[in-house]
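Enquirer: Chain residues, written in single-letter form:
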Amino acid sequence: MDAILLQILNGLDKGSAYALIALGLTLIFGTLGVVNFAHGALFMIGAFCAVTVQRILNLSYEVVDETQKDFLGNPLKVKATYVESWFGPEMGGAIIDWAVPIAIIFAIPIMILIGFVMERGLIKHFYKREHADQILVTFGLAIVLQEVIKYFYGANPIQTASPEALSGVANVGALFGTEIFYPVWRIVYFFFSVVIIGGIFSFLQFTTFGMVVRAGMADRETVGLLGINIDRRFTIMFGIAAAVAGLAGVMYTPINSPNYHMGMDFLVLSFVVVVVGGMGSLPGAVLAGFMLGILEAFASMNEIKSFLPGIDQIIIYVVAIIILLTRPRGLMGRKGVMEE
Amino acid sequence: MFGLDKKDTRMLLVVAILTLCAPFILNPFPTDSAMAQFNAGYPDLMQRFVIFGIFAIGFNILFGLTGYLSFGHAAFLGVGSYSAVWMFKLLSMNVVPAILLAVVISGLFALLIGFVSLRRSGIYFSILTLAFAQMSFNLAYSVLTPITNGETGLQLTLDDPRVLGVSATADGSIPVTSLFGLEMRSTFEMVVGPWAFQFNAGYYLCALVLLAAFYLSIRIFRSPFGMMLRAVKSNQQRMNYTGLNTKPYTLAAFVISGMYAGLAGGLMASMDPLAGAERMQWTASGEVVLMTILGGAGTLIGPVLGAGFIKYFENIFSKINDTVLHNWFNFMPDGLEDFVVFIVHPFIGKGWHLTLGILFMLVVVFLPGGLVEGGQRIAKWVKGRKDKDDSSSATKTPAE
Amino acid sequence: MGILEVKNVGKRFGGLQALGDVNLSVKENTVHAIIGPNGAGKSTLLNCLVGKLIPDTGSVMFDGQSVLGRKPYEINQMGISRVFQTPEIFGDLTVLENMLIPCFAKRDGAFSLNAITSVPSETDVLEKAEAMLVEMNMADKRHMHSASLSRGDKRRLEIGMCLSQEPRLLLLDEPTAGMARADTNNTIDLLKEIKEQRDITIAIIEHDMHVVFSLADRITVLAQGTPLVEDDPQNIRGNPKVREAYLGESA
Amino acid sequence: FTNDPTGSSVTLGFNVPQTGPYADEGADELRAYQLAVEHLNGGGDGGMMNTFSSNELQGNGILGKEVKFVTGDTQTKSDAARASAKSMIEKDGAVMITGGSSSGVAIAVQGLCQEAGVIFMAGLTHSNDTTGKDKKANGFRHFFNGYMSGAALAPVLKNLYGTDRNAYHLTADYTWGWTQEESIAAATEALGWNTVEKVRTPLAATDFSSYIAPVLNSGADVLVLNHYGGNMVNSLTNAVQFGLREKVVNGKNFEIVVPLYSRLMAKGAGANVKGIHGSTNWHWSLQDEGSQAFVRSFGTKYGFPPSQAAHTVYCQTLLYADAVQRAGSFNPCAVVEALEDYEFDGLGNGKTLYRGEDHQCFKDVLVVRGKENPTSEFDLLEVVEVTPAAQVTYPADHPMFAGGALGSCNSGA
Amino acid sequence: MNVKPDFSKNANAATTAPAFLSVWDMHAYYGESYIVQGINFNVHEGEILALLGRNGAGKTSTLRSIARTGSPMVTQGEIWLDHQPLHLMESHEAAAAGLGLVPEDRRIIAGLTVEENLQLAQIAPPIGWSIERLYDLFPRLGERRKQEGVTLSGGEQQMLAIARALARDIKVLLLDEPYEGLAPVIVDEIEKTLIHVKEQGMTTILVEQNAVRALELADRAVILDTGGIVFDGTAAEVLENAELRAEYLAI
Ligand SMILES: Nc1ncnc2c1ncn2[C@@H]1O[C@H](COP(=O)(O)OP(=O)(O)OP(=O)(O)O)[C@@H](O)[C@H]1O
Ligand SMILES: Nc1ncnc2c1ncn2[C@@H]1O[C@H](COP(=O)(O)OP(=O)(O)OP(=O)(O)O)[C@@H](O)[C@H]1O
Ligand SMILES: [Mg+2]
Ligand SMILES: [Mg+2]
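Here the protein sequences come in this chain order: A, B, C, D and E.
Here the numbering used here is used: position 115 in the first sequence is 128, and no number is missing along the way.
Here the numbering used here is used: position 381 in the second sequence is 405, and no number is missing along the way.
Here the numbering used here is used: position 44 in the third sequence is 46, and no number is missing along the way.
Here the numbering used here is used: position 37 in the fourth sequence is 45, and no number is missing along the way.
Here the numbering used here is used: position 181 in the fifth sequence is 264, and no number is missing along the way.
Hints in this document: simulated from the structure, not taken from any laboratory.
Mixed in with the good hints, there may be bad ones.
Straight line, CA to CA, 25 Å or less: simulated BS3-like cross-link-like pairs of lysine-lysine [claimed, not checked]:
hint: 1; chain 1: C; residue 1: K143; chain 2: B; residue 2: K31
hint: 2; chain 1: C; residue 1: K73; chain 2: A; residue 2: K348
hint: 3; chain 1: C; residue 1: K130; chain 2: C; residue 2: K194
hint: 4; chain 1: C; residue 1: K29; chain 2: C; residue 2: K197
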C-alpha cells in the first residue's frame, strides 16, 4: 500500500516535471506552431543559470595554507569565498546555500531576454516556413547552445544542491496516518510546478492574450488586418515559454545534477507529452505530463517489471501509441493544428 | 535515355560520374600535405557517403513527395542491419542474400508500422513513428539482447554456424564479407606522384546500388505514382473526392522508403558486419531528416548532398585537433599562431558539433531550399553572366 | 425513378437541425437546382451525398445503390463528382497536373502503383487533360502553379477537373461565385453543352439567379433544412413565398 | 602487415569520446595521450618512463620513429567509434588504436581492429566481456573489470558491514551493467549476503525516484548501484535525497555501494558520495613512485591531477611502445607475442601481468571511499584498501568469462 | 505627364481633388510576377468607388496592396489615407489608421467561435459597432454566436466577414466581392447597410463581379485590366458607355 502511495507521489513529481517542460513547449509548438527543437536547450540553460549563480556566489580568492599540501606537493591554496568574507560565515554560508532559489530571481529576466532575442533574431523568420525548416534551424540552435555550455562548463554533471533547509525528507504519510517519507525538494518542485502552471493558465484563460495568439497562429494576416500587432504578442509568448522552460530547469537542478545534454534527454519526451496531450491544448499537455509520469512510475515497480520485462523502458511510447490511435488528436487537441 | 527526359538523364550521368570517380574527387590533396586532413577518399567514408545517400533518397520518397515526416526511419535501417548480420552469421558471408533479406524484412516492418501510423497525419504521424522507433531502440538495447547483442551490437563470432560458408577461416579468423568471392574490403591503391587513391570493392558495390536506387527514385518522382503523392501532400480532401484512395498511396511510399532504409542498413552491415542499436535511436532518425532538409527536401539530388555534408563533418572535422592546427598555421609568428589556434579551436575536433549547428542555421536562413538551392543560385549566376537576357526564369519549375 | 433518390434525410449539428426531412429525386440527364437562403442546409445536403457527412436519418440512393457508408473515393468512383464552395485544388501542382490527376483516377481506379512509367509517356491521359484545359479556356496557364491562379480561374479549373472524370452526376456548389460575367456565361454554355453531349446529370447550388434560370430544368427551394417547394423555373420565379423568403425585390 | 610504418614516423590512433556524456573523460584521456606521446618522443620530464620496469624506451620515439597521432570522436556509439577507427586505419595509416570510455564501444572497436589487423589497447572498459566472451587476440585491456571489482570490494564490505546483509541491486540495463551485477552479487553472496532484488533501469533514465522508492520497503539494507557516468550521479543523488543513508533497517545502518567509481563521477554527485565505498582502477593520491611521477608530469602540464582514465591510457601507450621496442617490429603479431604474459612494474598499480590466455591485465585494485572533508575539488576519494592482484585474479576459464575465443592474432597480411 | 501631388499636407483643392485615399504610382509583385503595374487613383471622403475588371485583372491584388498585407509585395508607390502615409506602415498600423478589409475568401479564423471572431476585431482600438448591434444587422450570426466560425455556411461566413470589418471604427472600407455566396435578400440588406454607413461618412471601395449592381450603388468607378487602370470616372459614365462595358465587363 505504502509502495503504491509512494509511486503515486513519484508519478506526480515526475509528472510535474514533464508537465512543466511540456507546458513551455506547447506554448511555442502547440500555440505558435513552431517545431522548437531548441526547447530542451532552454530548459538546460535554465539549469545552468542555477549553476552559474552558484558559481558566482562561490567566487573565491585563494589563501595559501602552509600546513597542507596539494597534489603536487606544493603548499595548498585554500579557497575562501567573497560572499562569506563580506557577509560573515553565517550569513554568507546561508546565501550560498540558497543559490538555487536565488537563481530563480535571476533566471526569469535572463530567460525572457533569451526568448526575446531568439524569437526576434531567428524564429520570427520561420513562422511561415515549413516545419522541416523550423526543425533544422532550431536543431542547429540547440546544438550551438549546448556546445557553448559544454565549452564553458564541461560535459560532466555539476552538482547543485538544494538549500539545507529544503533537503532531506518529510513525512507525507502523516496526512494519511502512516509513515511515508518523501524528499522535501521534490515536494517543493511539485508545488512550484502547480503554481507556474496555474499562473500560465490564468494568464491565457482570463485575458484575451491566448485567444489572440491562437488566432494569429491560424491566420496572421487577418489578425494583422484587424489592427493587432501580432508580432509583438508572439515575441511575448516566446519569452514566457522560455521563462517557463528556464524555471523548470532551475528547479530541477537539485533533483538531478545538470549537464550540457540534459535538454536533449528531455526533448523527445516533451514532444511526446505535448502531442499526446493534443496540439494546441495547454490542459492537454499538463494532463499528459502527469499521466505519463504516473504510468512511468508504476511501470518501474518490480511487480510489474517481473512479468513484463522492459516495460518501464517503453511504457511512454506504448501509451503514446495507444492514445494517438484511439484519440485522433491526442487527449485534448484542437482541430486543425499541425495536422497536415 | 533510360526512359528519362534529357534533364534527368544528364543529372543521372553527373551523379554516375561523380560516384564512380569519387576516389579521385574526394582526395584532392597530396597525402603528405597539411591539407590531407580534408581528404575524404578512403573506403569507409566513401561507403558511408553513398549508403547514407541511399537512406536519404528513400526517406525523401516519403517526406519529399507526401510531406509525411517520419521520425522513426532509423528503425528500418537498424532492422536491415540486424537482418543482414544474422544472414552472415547463419548462412554465408555473401552479401547478396544478406542485402535481400534486409530489404524484405525492413519492408515488412515498414508495412506494419506504416499501416498503423498512417492512420494519423501531420505531427501525430511523426510522433507515432518516433514512438515505434524508440521502442525498437530501447528493446534492442536491453530486452532483445539475445537477438541484437544489446549495447555492443551484433557481431560475427568464430562459432557462428554459417551453413553455406565456414565458421572460421583456416588461420582462425572470422571470414570477411564478399560478393561471390570478391571481398568487400579488398582495396586497390593507386599512387600517382604525391597522391594516393584507393579503389575499394565494397565502395563500388555501394556506388552501383546507389545509382540504381537513384535511378529508381527519379522514375518514381516522374511517374504518375509520384505525381499522386505530391497531390496527397497538396490536398488530401481533393484526392478523396477525385476518387483516389490516399491510404494505399501513402502506405506504398512508406514501405518503399522503409525498404530503401533497409537496403542502406544491409549495405552498411555488408561493408562492416556489425549492427549497433544506436542505429535505431531517434537521433539517427533525426539525422536523416536533417540530411534531407539540409540538402533540399523534395528534390532528387538534395538528400544525397545533405548526407555527404553531414557525414563529411562527422568524420573529417571531428578529427582535426590542435596539433593539426599548429601544423597548418606554423608559418605564422608564434603569438599569432597561438591566437589563431585559440580562435579556431572551439570549432574543430570535439567542437565539430558546434560548427555543424552553425552551418545548419546558416543554410536554412540563407538557402531556404537547402544546398540544392545554393547550387541553383550559383548555376543561375553563372548562366546569368553568360546570357543576360534569358527571362524564362519567371516560371518556377519544380526543383530537381 | 431518378438517378439520385434522397429519402427522409436529416442531419443535426449539436442543437441545430441543419437538415430536417429532405426528399429529393433528380432525374437522369437534367439540371436540378437547389436554392434557398443562406444556411438553409444546401451545402450540408451535398456533403451527405458525397460522403463528407453521414446523415443521421434517411437514405441516399445513386443509380439504385446506396451511397451511405461508403468512403468519398468510392462514391466518386460510382460516378459522382463534386465542385466545392471554396475551390479545392492541388495548390502545389501545376494547372496541367491538376487536370491529369482526375484523368488518371478515371483510367486507373482508386489506387494504382504506377511508379515506373513517366507522366509524359502517358499520352492518352495527357491528351485528355490538354483537351479539357482547352475546353476550359485555360490552356495558356497550363504550367502555372495553381495556387497562384486568381480565384475565378481556380474555380474554372476545379470544374474542369470534375468534368474530365466524365461523372454521371455532377454536383456544383456555387460554381460561378466570384466569376466574371463573361466567364459565367461561358460556364453556363459549357454546362449546357456537356449535359447535351455527355448524358450527364447536374445538381447545382447557386445564388446567381441568372445562372439558375438559364440552366435549371427543375428547382428545389430549401429553407431551414426542409424543401419548401419543388417546381419548374417559371413557377418558382412566380412563387410569392420564394420571392419573400429568398429572392427579394431584385429577382 | 597492415599499415607498416615505412617513413620516419609512426601513427597511433586515439579514439575517444569527444562529444556525448563521457566527453570529459575523453578529454582527459586525450591529455594523457598527448603527454605519453611527448614522453615517448623525448619531451617533458619522461613521466612514468622513468619508473617503468622495462628500460627499452629511449625517448626517441618507437624503434627510432617519431610518434605521431590522430584523434577521433567515438561519440560513445559503436557505429561512430568504428567509423572513426576505420578512418584512422584506412586514411591515416594508424598501426594501433586505443581509447574508449564504454564497454560496448571498446568491444566493437576491438572486433574491428582484429579484422583489420591492428593492435587495440582498450581504454576505459569495465565489462567482463571485453576480455571474456568478446576477447580478441589483437586486443589488450589495462583496466580492471566487474569481477575484479567484486573480488576487491567483498572483503572490505565484509569488514565494514558484516556478513548478514540484504542487498538490493539497481543495474543499468545493458551488457556492462549485467556483468557487473552478476560479479558483485556473486562476490557478496559468497560472503553470506542475501540478494533481495535485482532491478534493471533504463539507460536513458534520468530520474531514478521510482526505482529508489521500492528499496525502502524491500527489507534491503544495502543498495548496490551498478551504474556509471550520468546514471550513477543521478541514481546516487536520488538515493540520498530519499534519505536512504539516514535509514536504519534490520537494526543496521542503511548503506550504499557504488562498485565502479571515478573521480569525475564523484564530482558530479558532489557531497552525496561522502562515505560511500567503491572500487577504482587507480587514483592520483597513490604514493608509489610511478603514480607520483605521472601525477607530477600531468599536473605540471595541465594544472590538475589525472583521472583513472588518463592513467589507463597513458600506461597503455607506453606499454604498446615498449612491446614494439622489445619485439623489434610493429607487426601486430610480434607485439601480441611481446605483450602476452608480460610482467612489469612501475606503472602505478604495483606488479602487473598481461595474461596471455585472455589479454586481461592483473594488478592491484583500489577500494575507495568518498572523502568526508575534501581539501580541494580534486580530493574527493580516499583509498581505503589496495587489494593485491592475487586476490582479484581468476582462472581464464571462469564461468563469468566463458564463451568466445581469443582466436589468433591478425596482422592483416 | 503626371505630376506627383503632395499628399502629406492638407492637400490643396486647386491642384488635386481633396482626396481622402490616394494611391500613387503603385507597383506590386508576387514573387517575380509583376501584377500591379503602376496605378494611380483617388477616393474622396464619403464616396463609394467601384473597382471593376475581369478575373485576374488585379483587383484583389490592389486591395491587398492598399491594406499592406505584404503579399503582393509593393515595390514602389505611395498610399495616403487622410494625410497618413500607409505605404510606410505594416498591416496592423494601417488598420489602426482606419482601414478595414473584407477579404475575398472571407478568412474566418479557424478555432474561434463567431463571437470570438468579432471580439478579436475589437481588441485593438478604435472600436466601431458593438457586437450586439452587429447581431441586429445579421440575426443569423446572433443565433450562431457560439458556433465555430469556419463551420458556418458560406453566406453566413460572408456576413461574419462584413460584420468583423464594421466592428472596428474604420474610415475606409475595402470590400472584395462582398455579395459572393449571399442570397439575394441578404444582398439587398447589405446594400442598405452600405448606403447607411456611407451616409455616416464612411468611404468605400467595392470590388464586385456583378458590375451593374455595383455601379448602381457607386459614385465612381475604376476599371482595371492586367494590372493597369483603363478607366477612371463616374459610375454613370460606365453604365452609359456600352463599348467599355462590353470590352472590360462583358455586360
Ligand atoms: N459543422 C457544423 N457545426 C455546426 N453547425 C453547422 C456545421 N456545418 C454547418 N452548420 C450549420 O448548418 C446550417 C446549414 O449550413 P449549409 O452550409 O448547409 O448552408 P447553405 O445552405 O449551404 O448556405 P449558403 O448558401 O450560405 O452556403 C448553417 O446554419 C450552418 O451554420
Ligand atoms: N499568390 C499569388 N502568386 C502569384 N500570382 C498570383 C497570386 N495571387 C494572384 N496572382 C496572379 O495575380 C493576378 C491578379 O490576381 P487578382 O487576384 O488580383 O485578380 P482579381 O482581379 O482579384 O481576380 P478575381 O476576379 O478572379 O478575384 C492573376 O493573374 C493571378 O494569377
Ligand atoms: Mg453553402
Ligand atoms: Mg479577386
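Enquirer: Give a verdict on every hint.
Expert: Now for the hints, and whether the structure bears them out:
The hinted pair formed by K143(C) and K31(B) meets the criterion: a straight-line CA distance of about 23 Å does not exceed 25 Å. In summary, the hint linking K73(C) to K348(A) is supported, as the alpha carbons are separated by about 21 Å, within the 25 Å threshold. Distance check on the hinted pair: K130(C) and K194(C) sit about 20 Å apart at the alpha-carbon level, within 25 Å; holds. For the suggested pair K29(C) and K197(C), the alpha carbons sit about 13 Å apart, so the restraint of at most 25 Å is met.
Of the numbered hints stated above, none is contradicted by the structure.
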